[in-house]
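With the hints as your guide, set chain F onto chain X.
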Amino acid sequence: MSKSFDAIIIGGGHNGLVTASYLAKAGLKPLVVEAGDQLGGCAVTREFAPGFRSSAVAHLLHALHPRVVADLGLEGQGLRGLCKPVGTGLLLPEGRRIDITHDAAATAASIGAVSKADAEAYPRVMARLGKLATALGTFLTRTPPNPAIAQNDFQTKLALGMFALQLRMLGKKDMLELTRILTMNVADLANDHFESDAIKGLLSFEATLGVYLGPRSPNTVFNLLYRLSSFGKHGMGGLYQPLGGMGAVAEALAKAARAAGADIRLQAPVERILIEKEQAVGVVLQGGEEIRAPIVASSADPQRTLLKLVPPGELDTEFLKRIRHLRMNGCVAKLHLALDGLPTGVTQSDGRLVIAPSINYVERAFDCAKYGRVADHPALEVTFPSLADPGLAPAGKHVASILFQYAPYKLRETPPAVVREQVLDRTLATLEQAMPGLAAKVTAAEVLTPHDLENRFGLSGGQWHQGEVTLDQMFFLRPAAQFQQYRMPIPGLWLCGAGAHPGGNVSGAAGANAAREIIKARKNGR
Amino acid sequence: MTHVQHLKPFLRKTPFFEPIDRLMHGNGWIRWMGYYSPAFFDSEQSEYFATRHGASVYDVSPLIKYAIRGKDAARFANYLVTRDLTKVKPMQAAYTAWCDDDGKMIEEGTIFRLGENDFILNAALHQLHWLDESAYGFDVEIEEISDQLAGLSLQGPTSREILQQMGVQGIEKLPHFGIMETTVDGHWLRIDRAGFTGDLGYELWVKPQDGIWLWETLFRIGDPYKIAPMGSQALDWLRIEAGFILVDADYTGSHHALRPTSRVSPFEAGIGWCVGLKKDAYFVGKRALRAEKEKGLSRHILIGIEVEGRKPAPGSFLYADRAGKQEIGITTSAMWSPGLKKNIAFAKVPPSFVKPGTQMWIEIWYPKEHKIERSMVKCWAANRMFYDPPRKKA
Numbered sequence: 001m002s003k004s005f006d007a008i009i010i011g012g013g014h015n016g017l018v019t020a021s022y023l024a025k026a027g028l029k030p031l032v033v034e035a036g037d038q039l040g041g042c043a044v045t046r047e048f049a050p051g052f053r054s055s056a057v058a059h060l061l062h063a064l065h066p067r068v069v070a071d072l073g074l075e076g077q078g079l080r081g082l083c084k085p086v087g088t089g090l091l092l093p094e095g096r097r098i099d100i101t102h103d104a105a106a107t108a109a110s111i112g113a114v115s116k117a118d119a120e121a122y123p124r125v126m127a128r129l130g131k132l133a134t135a136l137g138t139f140l141t142r143t144p145p146n147p148a149i150a151q152n153d154f155q156t157k158l159a160l161g162m163f164a165l166q167l168r169m170l171g172k173k174d175m176l177e178l179t180r181i182l183t184m185n186v187a188d189l190a191n192d193h194f195e196s197d198a199i200k201g202l203l204s205f206e207a208t209l210g211v212y213l214g215p216r217s218p219n220t221v222f223n224l225l226y227r228l229s230s231f232g233k234h235g236m237g238g239l240y241q242p243l244g245g246m247g248a249v250a251e252a253l254a255k256a257a258r259a260a261g262a263d264i265r266l267q268a269p270v271e272r273i274l275i276e277k278e279q280a281v282g283v284v285l286q287g288g289e290e291i292r293a294p295i296v297a298s299s300a301d302p303q304r305t306l307l308k309l310v311p312p313g314e315l316d317t318e319f320l321k322r323i324r325h326l327r328m329n330g331c332v333a334k335l336h337l338a339l340d341g342l343p344t345g346v347t348q349s350d351g352r353l354v355i356a357p358s359i360n361y362v363e364r365a366f367d368c369a370k371y372g373r374v375a376d377h378p379a380l381e382v383t384f385p386s387l388a389d390p391g392l393a394p395a396g397k398h399v400a401s402i403l404f405q406y407a408p409y410k411l412r413e414t415p416p417a418v419v420r421e422q423v424l425d426r427t428l429a430t431l432e433q434a435m436p437g438l439a440a441k442v443t444a445a446e447v448l449t450p451h452d453l454e455n456r457f458g459l460s461g462g463q464w465h466q467g468e469v470t471l472d473q474m475f476f477l478r479p480a481a482q483f484q485q486y487r488m489p490i491p492g493l494w495l496c497g498a499g500a501h502p503g504g505n506v507s508g509a510a511g512a513n514a515a516r517e518i519i520k521a522r523k524n525g526r
Numbered sequence: 001m002t003h004v005q006h007l008k009p010f011l012r013k014t015p016f017f018e019p020i021d022r023l024m025h026g027n028g029w030i031r032w033m034g035y036y037s038p039a040f041f042d043s044e045q046s047e048y049f050a051t052r053h054g055a056s057v058y059d060v061s062p063l064i065k066y067a068i069r070g071k072d073a074a075r076f077a078n079y080l081v082t083r084d085l086t087k088v089k090p091m092q093a094a095y096t097a098w099c100d101d102d103g104k105m106i107e108e109g110t111i112f113r114l115g116e117n118d119f120i121l122n123a124a125l126h127q128l129h130w131l132d133e134s135a136y137g138f139d140v141e142i143e144e145i146s147d148q149l150a151g152l153s154l155q156g157p158t159s160r161e162i163l164q165q166m167g168v169q170g171i172e173k174l175p176h177f178g179i180m181e182t183t184v185d186g187h188w189l190r191i192d193r194a195g196f197t198g199d200l201g202y203e204l205w206v207k208p209q210d211g212i213w214l215w216e217t218l219f220r221i222g223d224p225y226k227i228a229p230m231g232s233q234a235l236d237w238l239r240i241e242a243g244f245i246l247v248d249a250d251y252t253g254s255h256h257a258l259r260p261t262s263r264v265s266p267f268e269a270g271i272g273w274c275v276g277l278k279k280d281a282y283f284v285g286k287r288a289l290r291a292e293k294e295k296g297l298s299r300h301i302l303i304g305i306e307v308e309g310r311k312p313a314p315g316s317f318l319y320a321d322r323a324g325k326q327e328i329g330i331t332t333s334a335m336w337s338p339g340l341k342k343n344i345a346f347a348k349v350p351p352s353f354v355k356p357g358t359q360m361w362i363e364i365w366y367p368k369e370h371k372i373e374r375s376m377v378k379c380w381a382a383n384r385m386f387y388d389p390p391r392k393k394a
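As you go down the protein sequences, you meet chains X and F in turn. Those letters in the first sequence? Residues 1 to 526, per the numbering used here, in order. Those letters in the second sequence? Residues 1 to 394, per the numbering used here, in order.
Only chain X is shown next, with the shape it has when bound in the complex:
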């Protein structure tokens, strides 16, 4: 391989592919090196049992940024046709359920059966939260400013100014409401607006998904707003089930990257970043092959990139400490079930089912995690991707793809191997109540604990977002203060994954922002 490259992108996850596409479109020659045999990183579709396939980690799409979709021409790669909008069904005790769909009247009727007041409040409150989230979401595709305002270039200052203006344009009431709730816990917010345990439970679940926080922990409203920001114009407008699994999205991204002129190498695990004279000049693959390029952009998480791939002795002590201390305690386990048939209570139109019947239910599940144990009664998000795409399972059979919250990475006494058993047992026990007869239909199961996610997908701490999405780890603090503009301390080294602003979800925003900064730096000769 004597071809020369302008940039090497470590990791063929969605952000890596997005960065590669943007760089290629700007006329650079990027090479993506992916450790595995499949592109997509955490956005892949894998066979977990003979004939049964499922999205390996992320399973619902909502955050893919419209600008990324437009810039890379993803619709031309068949993206829209790949996705089916899904609603949310709340499974409640005693076989009751609430269905929240795009049909406002049906949703109101469904909630109304539990609480009239909540049926009225739900669309109003969610619209208001959505409005606030959308205002915040403006910064998803912007480079975070340097807190020393004078050090920012004109574009960043302008973006910051526009951002401030946008918050002001919310109006006095909404802006005050935003400042009130931004750091708050979701339980208090839910109690402000709703009376039924069911809706409060749903909100608690949405706000804690993917963070090591319970509904009564501060910062959970921020996580909720972060998630909601993709439900408006800064995302896809709702939840989507990707047909063919999340891997289909990665394929569309890979196609776009290749079409733009990016090279991609699979099974090319990077052993370390090659640093000469304190500059990143390429990568060394496991096996010793050296590939050189003046730009190295890593879509691996900050800990993997800066603590493992950068050899010791190239970064400063306090910076490394900051990176070591990033909160990366993954607490979501992923389950895949191969089913003989659909369990009772699941209909053909079901998209996403949530079991989180109250604030206390979620809080108690978190209590277990807090003390380093797997939740006794987990909050679950269940999807049956084979409903939308029967091709994922053999004829007449089904696949369930489940998020299990909480199974913490940091365990006190439970050995990681036992976690797998516990997650499966407790999931089946919980589902058996909501969908009687399900357990009998399970022919095969796969559990991916945070430890498995770390080993298989290279996610430090098994953290989905490459660092928990909390205020102190977001915006100009992601991954660390003064290093928020994708440029790492070592010249030539960039971060282009979810560990950089704006963080996780299959959005591509981090990859796009990083590419923009890389191109800008190249133009300015820095």
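Hints should not be assumed to be uniformly reliable.
Stated by the list, open to error - No farther apart than 30 Å at their CA atoms in a straight line, the calculated lysine-lysine pairs in the DSSO-like style are these: (1) F:K293 / X:K523; (2) X:K321 / X:K277; (3) X:K277 / F:K207; (4) F:K89 / F:K207.
No lab work stands behind these hints, which were simulated from the structure alone.
Same frame as chain X, but now just chain F:
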């Protein structure tokens, strides 16, 4: 002066406590890193002159010592400190600074290279936490060995002869900043040729249980060579003459600076020469220090000044003009040098004033007949190493 009366139940005694206590005329004990340490024995003048004309003995046991060993010790030590340690061979020592991420000095001290991957770092303040954090990713073992070595600093023109008479083979061949290990009368002894006085001198390290033997041997053999015990007050004079800076006197260590702006870089502390910007490997703070050097970001430099008259100028303000309209700096250490017969000080001044000979004005307040009087006199930038006899390195 730290009074030790109320600390007596807590202070520890070095192996030299008993002989020192017997020789001490006044209440000269102060505390140093939790140990009793002598500030003076009789008068600091006599101790000072003993060092410059005979030999003095100062108990350096309370210094904090860290052993750095293991497969990556050489790489780690070179990453930790600003000096280029690839140029320091085994059995050599080097004076160096170590910095935080921003290139601000945490402290400076001496690092001893005993073997390829075997170092001892001497520090005035506790550094274990910093060393441990910096060692992330390196295969090294860091151990505080402060209690495992007792040390005496033997300084002065007759120090070499005393060691020769003691039977230390090959001491005359030990170069400046060299280290040797030997056995005398069956006692293990490590000697390095360094010190804090700027004179010919050695530091002698023994196992704690051999401390009394060392002390008694030195004073028995050193008697005809005008050997004398010394306290830290005389040492302070000696180190100012020699141009050596002291943490928390001449600069604030970056880890206990109250404001980020009060931290200083090695360039600002006037020890830019021990920043190995050209060294092959990265070290903590290098990017920041390179930027400071290349962009000329140093705010002030610690220099030596010679002051008109005989009134010492501690904590005195420096001005560009006689009228005192343009304040430019302050002195951090100052003394009347009895040996040089000069009024000297360290002062931090803007980079444009550091060239030796640059004239400035200094405002000195001094007591006179129960009144405080002020004088505004001239001073000149000077080489901070006021005293540098050929014998130091010969």
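Against the structure, the hints:
{"no.": "1", "hint": "F:K293 / X:K523", "result": "holds (26 Å)"}
{"no.": "2", "hint": "X:K321 / X:K277", "result": "holds (23 Å)"}
{"no.": "3", "hint": "X:K277 / F:K207", "result": "violated (43 Å)"}
{"no.": "4", "hint": "F:K89 / F:K207", "result": "holds (24 Å)"}
In summary, the structure is inconsistent with hint 3 from the numbered list given earlier, while agreeing with all the others.
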